[in-house]
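A.B. asks: Position chain B against the provided structure of chain A, taking the given hints into account.
Chains A and B, in that order, give the protein sequences. For the first sequence, our numbering begins at 1 and goes up steadily by one. For the second sequence, our numbering begins at 1 and goes up steadily by one.
All clues stand as given, with none of them false.
Covered stretches of chain A, as calculated for chain B (at least 3 residues, CB under 8 Å):
id : region
1  : 1-8
2  : 76-85
Partner residues are not named here, just some residues of chain B that face chain A (Cβ under 7 Å, in silico):
id : residue
3  : V32
4  : T33
5  : Q35
6  : T36
7  : R44
8  : Y45
It should be emphasised that the hints constitute simulated quantities derived from the structure, not laboratory data. Each residue gets a CB set at the ideal place from its N, CA and C atoms; glycine is no exception.
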Amino acid sequence: MSFEEKNTWVFAFISVVGYPVYLVLLFSQLGGRPLAEADYVWPMLGTILGAIVVGILGGIVVGIVTGITAGKDASKADQRDKQIHRFGEQIGNSFIVIGGVGALILCFIAAPHFWIANLLYLCFVLAGILSSVAKLVAYRRGLHQW
Amino acid sequence: MVKPTRVTNRIRALRFAADEMTQADLAERIGVTRQTVIAIEQGRYSPSLEMAFQIARVFGVGLDDAFQFSDETEPEEKK
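In isolation and in its complexed conformation, chain A is listed as follows (with noise of 0.2 Å):
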């Protein structure tokens, strides 16, 4: 397994895991308040910075890990590395896409800034799942361009 692979692995494990986190820590603190009026600042940017911090960390774990096993050379990323990773982001942007145009729906009826806030983040949360997804099986199944 390469060490972008090895990496997606760890992004997708952090997507995955992310969102429950973030849930968990939301109604933890909502003691009965309607769900538009919980805080929900706090718990979003704790589990957002929360995951960049564990993706970095386990990035250079992995890298560590390759480098120890495989050789320098391993933690390279190369033109399939590079293909798939597109391949991905192109196939996640739908949900960003979706996000977007959802928050911008939202604000046209000037719904709560909780739902657009919320919205944003669990398509940022989907769209990092699917273009993992994507990538893992562009990794195993194969990837072609001819």
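C.D. replies: Relative to the frame of chain A, chain B by itself:
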């Protein structure tokens, strides 16, 4: 799912003919990871034209000797 490629290759046979060159050696010579060489050999990745030429040049053969294009049409293309 992923559409199978009609491009096949003889890289594995060419490696064995070239003093049993390892996948790692080939990967180093064309500047990719060993996983990419494995993916190409197994037909899970079609390299760029430039990489295909590089591979053929490593073995000192023509592009046609390293890569082949199947004449068989895909089932969905048959009418």
